[in-house]
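Peer 1: Could you use the hints to bring the two separately framed chains together as a complex?
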Amino acid sequence: MNPLEKKIRVLIAKPGLDGHDRGAKVVARALRDAGMEVIYTGLRQTPEMIAEAALQEDVDVVGLSILSGAHNALVPRVLELLEANGQTHVQLFVGGIIPDEDTAALKAAGVSGVYGPGTLTDQIVADVRLGVLGETAA
Amino acid sequence: MTIVVQDVLHGSRLALARLLSQIENSTPAGYTALSELFPHTGQAHLVGVTGSPGTGKSSLVNRLAWHYRHPPEGVPQKRVAIVAVDPSSPFSGGAVLGDRVRMRDLTGDSGVFIRSMASRGSLGGLAAATSGLVQAFDAAGFEIILIETVGAGQAEVEVARLAHTTLVVEAPGLGDDIQAIKAGILEIADILVINKADRPGAEHTERALRGMLQLAHPGRRVFRHHGALETVQPSQPEPTSGESVWLPPIQKTIATEDSGIVELIDQIAKHHQYLHDSGEWEQKTRARLQSEFDDLLHTALVQRWRASVTDERIAHIFEKLAQRQIAPRDAVSALLNGVPR
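Chains as they are written, first to last, in my numbering: chain D, 1 to 138; chain W, 1 to 341.
Don't read these hints as lab results, they were simulated from the structure.
Remember, predicted model here, so these are calculated numbers, not experimental data.
Heads up, incomplete: computed chain W residues facing chain D, CB under 10 Å, no partners named:
no.	residue
1	R13
2	L16
3	A17
4	R18
5	L19
6	L20
7	S21
8	G94
9	A95
10	G98
11	R100
12	R102
13	R104
14	G108
Label pairs and their computed distance ranges (CB to CB):
no.	chain 1	residue 1	chain 2	residue 2	range
15	D	A70	W	L14	21 to 29 Å
16	W	Q290	D	A84	42 to 50 Å
17	W	T27	D	G134	14 to 22 Å
18	W	Q303	D	T88	36 to 44 Å
19	W	G11	D	A109	30 to 38 Å
20	W	T285	D	G118	54 to 62 Å
21	D	A84	W	D295	35 to 43 Å
22	W	K270	D	A109	48 to 56 Å
23	D	Q123	W	L297	43 to 51 Å
Cβ coordinates follow ideal geometry from the N, Cα and C atoms, glycine included.
Only chain W is shown next, with the shape it has when bound in the complex (with noise of 0.2 Å):
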């Protein structure tokens, strides 16, 4: 075992820091701690935190790691990761991260570690090195780890193959019940958070959040009609004993007056304890792994491929494939058939 990995798993947290930036600068020295830490992960509680700029989001995971570390009598204190993406700048490849300038209160505690990450490119909300981040955080024995998304619009869905618990954070006033309806960031969503509540609107949001709720999950539809209280049968069956469904709840918070964040930290904790129940935790496990895998066999795949075939090759069948010769994917079966043309 490197020296790096044993101070990681020590506790130094410089170590960590290093550690880190190799992680994301994708280093040989990197991967192989990774590949080391690799048995120690597993335990933590990864929780993402993803909604549109400027809905809250990094207020909110500063009272939810501060909650974390000042708990209730009788809960155990729990130790907290935060991973905070912002956009990289496509032009010039640099970034401002910000998102620290939300999480003072969290200054001074050796049981919090955050780390601002830039996007670097990728698109789905994350940093391609989020993950193995998320994996050596995981390995020092970080058993809360948030993760915090770019601001993300209707499409950064990433983080949910990577969270167990997926929080999607809005705000009053950001859209209508056609937004709610439209497929997107509001399917991922295990805990429906509407931060701001104090504003005006926060009504008509969890209306709409909660209307696109009862269609999504067309059983136990309770609503008043003139009046009186109707329950409507649902034409899908109930689901039966043992075989629990989770319904996404909806939590108003004020996260700058730390209103709601114990019910949502309680709101978490229960979705935790239905992953165990239903089995979904070593699914969605199973899924994370299997979708790593695949990436990575698929670049390797390609790398060792290209390694086997000359450049003057390819631009050959290229400019075949330029003239309009030959259509792009008998190019490739040209290519990966050895196919003399």
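Isolated chain D, as found in the complex (with noise of 0.2 Å):
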């Protein structure tokens, strides 16, 4: 392990009421793999209790798994409480069952990334690291 590597936290959450988690855990170890250190909160997060985990852990990256179709409701509140709390540089990504077409709004409103069934996890890690890092150096 290079110690002058930065490490990558993320928070892996379930907002909303549906019980389906095995695409986050999916996602959360696939990221573990990748070396990065993943804050994993369990089902039923509310906007509030995600932007509060987001902050006391200072996480680079939130990832959020949504399969009730309330992306449209939860994702902008969760980017509205990351910034109000300051933390504008973390990044957003979306996966579970986002149709085509919500897809460019919530990418406007600021998510780097929606993942639908059959994305790569490979995908979802080069990305992120694209992102984390990219903003590293900048």
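Peer 2: What follows is the structure, encoded as structure tokens:
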């Protein structure tokens, strides 16, 4: 382990009321295997709980898994709270069941990536690395 | 004083969160801040929570913190920081830190701050930077700091060096009375907790632990012999008045049902009182500072010495060692004394 290499810290959370957390766990595991420190919060988190955890844990990235269809309500709220806490540098990506027609609006709101079923975990790892370490270098 | 330290002392949670990362990553800014914060430390009660994986450490920490935040009438509320350590993968260096999953009751409370840490290769049950994080929380005015170790087996006893009060959490069905007399983790307990006490085997676990404690503290032994209560005179003299001895109590809890937690907090408070009355608080603090001082001195001396010798010279001596022309101890002597061999 190179001590000079920045450890990427990621919060993986499942907001809303659906209870399917397999996707979140698969992504958490993939990021772990890529050498990242993943804080896993479990099911049924409110946007307030997610923002609070992101603040206390000083994460670089937040990943939300949403399969309930409530992404258009939950995602902007999380972004708003992150900003209110002063965590404007935190990247937010979303996975789960997100209709194509909503993707553009989420990205315009500030989401760094939207990953549906069939996404390779390598893709998520690469995007997170690029986003965080690219930002660090700038 | 740097701005970040001022912000931390004034209660900024964002500044604190960022500072914790600096300390964890051993950056120069983190070291500077720790030096500036040092005069503000030494107030908090550090409570270590250790035990095997799956005994319910996180759930217990969750309920302990909740009760410190919701004390009974007349008891002052305390600000609580939690440092929860989970293991890093020895292969990828990554980690999944899942202790927060059990700590949902504490959200939305600005008097609580939970920080997860990966062990990053340390083997003692804590991470190398855990003590630094604890100091930052202490300086920031958290009165109770709960330090949860990685799921610990038998030798992860480092937490006892850091904490004032160490809770060792057991659960029914995890070992017999032979486990209980082995050296290691049980010896460091100031309070023994049997969590999941509603599970079958809780009585047996309690009996095994009580037996272990009686072997460790032979004074005041009272037991039942054929139904009659008998007292055996201790082979060692009882402690004379004024120099009391702390006998680790055994507390049964069911964290998920909030059972036994108030009693456990009571035991923690009693231990706190005992540490102050007996002078052990001061001793423990001094011992901890001494060991930190020794570690730093050791590291600094090695670095200073390393800067004064060339790589070639080390390689030269090591080659002789590898060829078995010189024993390891003599190789070190030769390097330190500069003997040209």
